[in-house]
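Visitor: Listed here are the chains, written in short residue letters.
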Amino acid sequence: MTNHFGDVVGHSKVIFIIGANSAAANPIGMKHFLQAKDRNNAQLIVVDPVFTKTAAKADHFLRIRTGTDVALVYGLMHVIFKNGWEDKEFIKTRVYGMDEIKAEAMKWTPELTADVTGIPAEQIVQIATILAKTKPATVVWALGITQHSTGTSNTRILPILQLVLGNMGKNGGGCNIIRGHDNVQGSTDMCCLADSLSGYYGLAEGSWKYFAKSWGVDYEWLKGRFAAPEWMQAKGFSLAKWWQGVLQEETTYSSSPVRALWVQGNGITSMSQQVKIQEALDKLDLVVLVDPFVNEAAVLTNRKDDMYLLPAATQFETEGSVTATNRTSQWRSKVVDPLYESKTDHDIMFLFAERFGFYDEYTRAMKMAVKDRELQPVKEEFVWPDDACREIARTIKTIGLGGWTPERLRKHQENWHMFDPLTLEGKGPMKGEYYGLPWPSWDENHPGSPVLYDVNTPVTAGGMGFRNRFGLEHDGVSQLADPSVSVKDSKIAGGYPEITKDNIEQVLGITLTAAEKEKMGANWKVDLSGIINEKCLAAGVAPYGNARARVKVWQFPDPIPKHREPIHSSRPDLVERFPSYDDQKNNFRVDVKFVSEQKAQEWVKDFPTMLVSMRVVNLSGAGMLERTSKYLSHLTPEMFANIHPDLALQYGLRDGDMMWLHAPQGTKIRVKAQYSLTVTPDRIALPYNFAGVMQGVDLSDNYPEGTKPYTIGESSNTITNYGFDIITQIPEYNAGLCRIEKA
Amino acid sequence: MIEKMRDKMTPRIGRRSFLKMAAVGAGVGAAASLPLGRSLRAATAAEVKEPFPGSKRVKTICSICSAGCGMIAEVQNGVWVRQDVAQDHPISEGSHCCKGIDQIDLIKSKQRLKFPMKKENGQWKRIGWDQAVDEISGKMLALRKENGPDMAMFLGSAKFNLQQAYYFRKFAAMWGTNNIDHVARI
Amino acid sequence: MTRRAIIVVAASMMLASAACAADSQIWGGMIITNIPEYGKDQSRNLGPLFTYLQGNFFRSIFLGILLGIPAVFLCHYLVFGPKVFSHDGERIYVFTLFNRIIHLLAAVSFVILVPTGFMIVFGAYLGGGALVTYARHLHGIATIVFAVSVVPMFVFWFVEMLPAMDDIKWFFMLGGYLSRKKQEVPAGKFNGGQKVWFWLATIGGLVMIVTGGAMYLQDFGLGIAGGLGMSQIDLLRLAAIVHNLLAFAVVAFFFTHVYMSLFAIKGSINSIITGYKEEDEVKHLHSSYYRKLKQVRKA
Amino acid sequence: MSNGQARMKFYCDTTRCIECFACSVACSEAHELPVGISRRKVVTMHEGIPGKEYSISIACMHCTDAPCEQVCPVDCFYIREDGIVLHDKNKCIGCGYCLYACPFGAPQFPRDGAFGTKGAMDKCTMCAGGPEETNSARERHLYGHNRIAEGKVPICAAVCATNALLVGDAEEVSTIYRKRVSSRGKGA
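Protein chains in written order, with this note's numbering: chain A, 1 to 743; chain B, 1 to 186; chain C, 1 to 299; chain D, 1 to 188.
Keep in mind that the hints are not guaranteed to be accurate.
Far from chain C, by Cβ distances over 12 Å, these chain D residues were calculated [said to hold, decoys possible]:
(1) P73
(2) E171
(3) V181
Heads up, simulated DSS-like pairs for lysine-lysine below, C-alpha to C-alpha not over 25 Å straight-line [what the hints assert, rightly or not]:
(4) A/K276 - B/K118
(5) B/K118 - A/K283
(6) B/K59 - A/K431
(7) B/K59 - A/K283
(8) B/K139 - A/K223
(9) C/K83 - C/K266
Label-pair restraints from in silico Cβ distances [stated by the list, open to error]:
(10) D/S174 - A/E341: 40 to 48 Å
(11) A/K431 - B/K56: 22 to 30 Å
(12) D/H141 - C/L174: 54 to 62 Å
(13) D/N90 - C/F57: 25 to 33 Å
(14) D/H141 - B/K56: 21 to 29 Å
(15) D/S136 - C/F57: 33 to 41 Å
(16) B/K56 - A/T511: 53 to 61 Å
(17) A/V595 - B/D130: 48 to 56 Å
(18) B/K56 - C/L131: 39 to 47 Å
(19) D/N90 - B/K56: 39 to 47 Å
(20) B/D130 - A/E381: 34 to 42 Å
(21) D/S136 - A/P458: 27 to 35 Å
(22) D/N90 - B/D130: 33 to 41 Å
(23) C/L74 - D/S174: 52 to 60 Å
What the hints contain is simulated information worked out from the structure, not anything from laboratory work.
Glycine is no exception: its CB is placed at the ideal position from the N, C-alpha and C atoms.
Kindly produce the complete structure, drawing on both the sequences and the hints.
Guide: Here it is in structure tokens:
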């Protein structure tokens, strides 16, 4: 989220929601959208394959065919460019590569867009007009956008739309992406990811060296922990396809097959390819599942030995901070001590670190601090979570977590009432700070940045330009912002590069002492001394630079986003015109099929119905948590599929009848047909929050005694079609095909 | 005709009893979003009885979704007795969805995993922490010896707090693998 | 037989309650159809109607019946006195043992049903709570006893209870009860008054069972309401109205029946205990029947 | 209202209600109701029909001329001076008359035992408990929490995800709603 919910209420005139059902997934977010409607007369535009509860509150509802988001946005941009409604000044001064976008957009006439997306041409023109004429508009999305084989393109095209409209860095504008779990933003920022180190540092040698230093360990020791140095810098297996590391059916590239699985609080029963996951679980040598509830992976597998369940405490039995979707950090206090024999997650990690022989190295950094501009040991014992919090604050520069000290976060919690819900600004003693110090909060005095990329606010008050991340120029064009774009109160006029040891004196026009130079890190990202940060803020300069937003990513298979039909498309005629990518070699250590799977056969002939996954309000994630609540489980007592009566009757299905749904990969699930007019007869919608039944087989006996939730059901992900994003490898949950059969 | 009959349906005043009418509405700022009637008065201290004497109100954050709603947990003698709304929270202003307001039930759920367990010959068996840690670490290290550190896959959680998430990444790094992931792929 | 019936009824009740535990007919999705309809002109208006009737009249009418009818009979007794018949004549066998047992069952059930019914109606004056709740449950249990008796009763007296010309005459002279004179009253085995009571108690009784059962079970999901084209709650409202209205008549006739058998005709109660009626009584009060008996005997 | 006394009312703004069930679950959880008893319900009308679909949260509306109070054979209802309609479970015989009279399907009946008979009626108390001693364990057991006595707002309205559900003095509730509608302007 570049902005925040209160900002939408306060300023947005249009809320363009695409691929998000806030009313079910995030009702408190929905509250803010409805408040914006009531207070600003904001128009709510909802794009979704299904008429959701969010759509029910919309002023305009666009029923899109799954997997055609890029086409739709190009269609909107076509109208905008054709009429010259784009924000020319913004594009000229702060964006790089827009010409190619414009050229692509000009191909997407409303008629072509209508044919591809299924949205009437007049409606496309109408919505484009609203977006162009009503400002500011905010764009909201969630997993409906990301979970596609073109997920990366989808997530790029929407910010590009906002750049075209000049809505970035403005109150009431921006891209407000609604994240899923309570700390998914934080866990992502901390990069529990196979392709990054905490703070999105990447896996290059420089990053590892920085982290070795930050952790107070010898880089060579750390390197020695890995199978070989090359594997240290290679992406690991991803959550989406780790099972190929076990099964090795597609070619894998790793120093070892995956033999042990360690799951700590991850509902892998909500992942796609459940059958493959089941096979992999059966084949592994060791399965360790750490969770407050039984991880239903333990139920999915039929393995007989070498599987352990360790009881983790919930987040109410421990203390720490969580990052909300708007980058705000909130302190979460402990309510009660860990119940039963459960232990907190970090205690479990400490316990095993000790057995694995790296406890000292693991916890060393918590006993260190930056003193005299250098990281050094300062005490014998650490205090959890305060010292971990301080460690993160001093280490993670990329997204500016320097201000997140436990003291400040606790103070914000104590003073909830002193912050304004619309602006997040503090009042009284909290004056000058934004609630939860939304990152970047560059240092201990920085108030946090409620709205990203806002050049009309001084850096010290949360303003900044776009980040200079991809060099100073490309194809001979400067990547820095136009001289006319100066961040307010900045000592430097116009754009400037990211600050490094080498350029700091020149860019800021200062002279450093020899001592400062000696202690300073190579650049702002790896400067543990904090000198770069300090000097930059003194000059009103964001350490990461003031650059152009690039709409062209020259390293990607699609430098500018392109519409590509889903792997399993309902329109074979369009597959010819907009085929998927070439098959991919070695992404996250495994090959991925694209066009070969897409063209393996004309899927729609055998699988004529589109498959859409959806959320129900009472369940989240894999649903194990909520299904153990008697009240929540009572709201959806069993797994179902929303199906239009016309479609159901083609198969002789009455309301409440059971049906089989078959997927192209040969898997099937047995679910109840629930008549609903929220779907059209060409698609059905399934909630994905059930588990405990697999392809018609009830797995109740696999639950340890007394742990079975009140409701179990088929996981819709058993029939989620094959398909993964080319960059991030997120599975294609939200576009696929199936065949209906009466059970 | 029925409408006329209905008009006649006047309440029988005589049958009303007035009990406990004094302790009506009150709650100063706590009722920000609500209309506090002119004619409502604050309940006196004598009327406002504490249902859980000596309990403390812990401010915390809902653990369901990323909106980050505030929560008030009432704790009495180390037991979470009641969940209340956090009216002054800057993001949620007291609101919750059904999952958020039911957090107390989820945490106190009967189906919680209460002790370490292992599956042996197809049967679940209760074991102690010591045994669990011994056996798991023994097996992990043995496999590591055979295949190197990339034989492990670590799947972390979006329900960790920030500090735990950071330490989980560090855990995998010090184990010596990049086979670590969690639910956010984009 | 009784026990078996109880088991059958209990089992069906359990089934019904299990069926509705899954999806309530009242509080489930059906609640919506009910709410917007309430009080609208085009709807059946059963909700407001029930509220109006129950809120204003039912209790008063019951009070009127409870006090009024006995008062009328007291006056009648004082003015006209009981009818006395000779015990010297022959005794005529009119009720078989089976008749009497069944009637006894019905009698027992009525002796429970009517007072407990009144206890529910006037529950407020009894303070509600456990006492009236038990009365309600007893009302329900007695219903089972009544249900067991009503069918055979209906079957074995059905033919003799069919209307006849005598009945019209009987009604014109009100059975001769408004006179101290001993006269022959036109009536078959059963007189016009008895016949009305019979039909009310059997057909009316069955309706009472059904409506009462519906109210007792409340949230049953047997598709009955849907079959009748109404919502469950409207069905219940209708049941409550019908049950109360019918109860007026049933209670009134029950009082009459009791008065006649215990007070108005001296010793007439014996016939349903022993099976025999005094010849004198039959001759006067069931003259047509008496003549028929004589003819049969002659033949 | 004639005497200037506030009359506590619920109002559900259907343009705001998103069927999130927060009110219903909050109510069940706070008052520890058995599953199957929902003092508060959320229903959606015309689901899936653009422009017509709306959701609404329903419970006891605490009617001024409460029909339930008029039909109760044991007079277990009483109406507080602030308009909250409450009842005495110790008096209630579970006859169901209040349910027949209620336009909102508010009265609920727990199933006692195998015969499916009804126990004492249960309904929304606007979090004001019952006739037992305020905040006593017995009151909590029979009627749930008495938040009103604690100076708090009923949990359903307090928790409402979108502030669709309003509670308070009838006039003030309508003022809030009017303000919302007028600021919404002519759009939509």
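Visitor: Now look at each hint and say whether the structure bears it out.
Guide: How the hints compare with the structure:
1. Distance check on D/P73: its Cβ comes as close as 5 Å (rounded) to a Cβ of chain C, failing to clear the 12 Å threshold; non-interface status is violated.
2. Taking the minimum C-beta to C-beta distance to chain C, about 23 Å, the non-interface status of D/E171 holds against the 12 Å cut.
3. At roughly 21 Å from the closest C-beta of chain C, the C-beta of D/V181 stays outside 12 Å, upholding its exclusion from the interface.
4. For the proposed pair A/K276 and B/K118, the alpha carbon gap of about 23 Å is at most 25 Å, so the pair holds.
5. Between B/K118 and A/K283, the direct Cα distance comes to roughly 17 Å. Compliance with the 25 Å bound is thereby established for this hinted pair.
6. For the hint linking B/K59 to A/K431, the alpha-carbon distance of about 21 Å falls within 25 Å, and the restraint holds.
7. Proximity of B/K59 to A/K283 is assessed by CA-CA distance (about 45 Å); at most 25 Å being required, the pair is judged violated.
8. Distance check on the hinted pair: B/K139 and A/K223 sit about 23 Å apart at the alpha-carbon level, within 25 Å; holds.
9. Taking the CA atoms of C/K83 and C/K266, the gap is about 6 Å. The hint holds against a cut of 25 Å.
10. The beta-carbon spacing between D/S174 and A/E341, approximately 54 Å, falls outside the hinted interval of 40 to 48 Å.
11. Range check, A/K431 to B/K56: about 28 Å between beta-carbon atoms, so the 22 to 30 Å window is met.
12. The hint said 54 to 62 Å for the Cβ distance between D/H141 and C/L174, and at roughly 59 Å that hint holds.
13. Separation of D/N90 from C/F57 is about 28 Å and conforms to the stated range, judged on CB atoms against 25 to 33 Å.
14. A C-beta distance of roughly 24 Å is found between D/H141 and B/K56, which places it inside the suggested range of 21 to 29 Å.
15. Taken as a hint, the range 33 to 41 Å holds for the pair D/S136 and C/F57, whose Cβ atoms sit roughly 39 Å apart.
16. A beta carbon spacing of about 55 Å between B/K56 and A/T511 agrees with the range 53 to 61 Å that was offered as a hint.
17. At about 53 Å, the CB distance of A/V595 to B/D130 agrees with the hint of 48 to 56 Å.
18. Under the hint 39 to 47 Å, the C-beta atoms of B/K56 and C/L131, about 45 Å apart, fit the expected range.
19. Between D/N90 and B/K56 the CB atoms are about 34 Å apart, so this pair departs from the stated range of 39 to 47 Å.
20. For B/D130 paired with A/E381, a C-beta distance near 24 Å fails the hint of 34 to 42 Å.
21. Restraint check, D/S136 to A/P458: a C-beta distance of roughly 58 Å breaks the suggested window 27 to 35 Å.
22. D/N90 and B/D130 have their C-beta atoms about 54 Å apart, which leaves the hinted 33 to 41 Å range violated.
23. At about 58 Å, the beta-carbon gap between C/L74 and D/S174 stays in the expected band of 52 to 60 Å.
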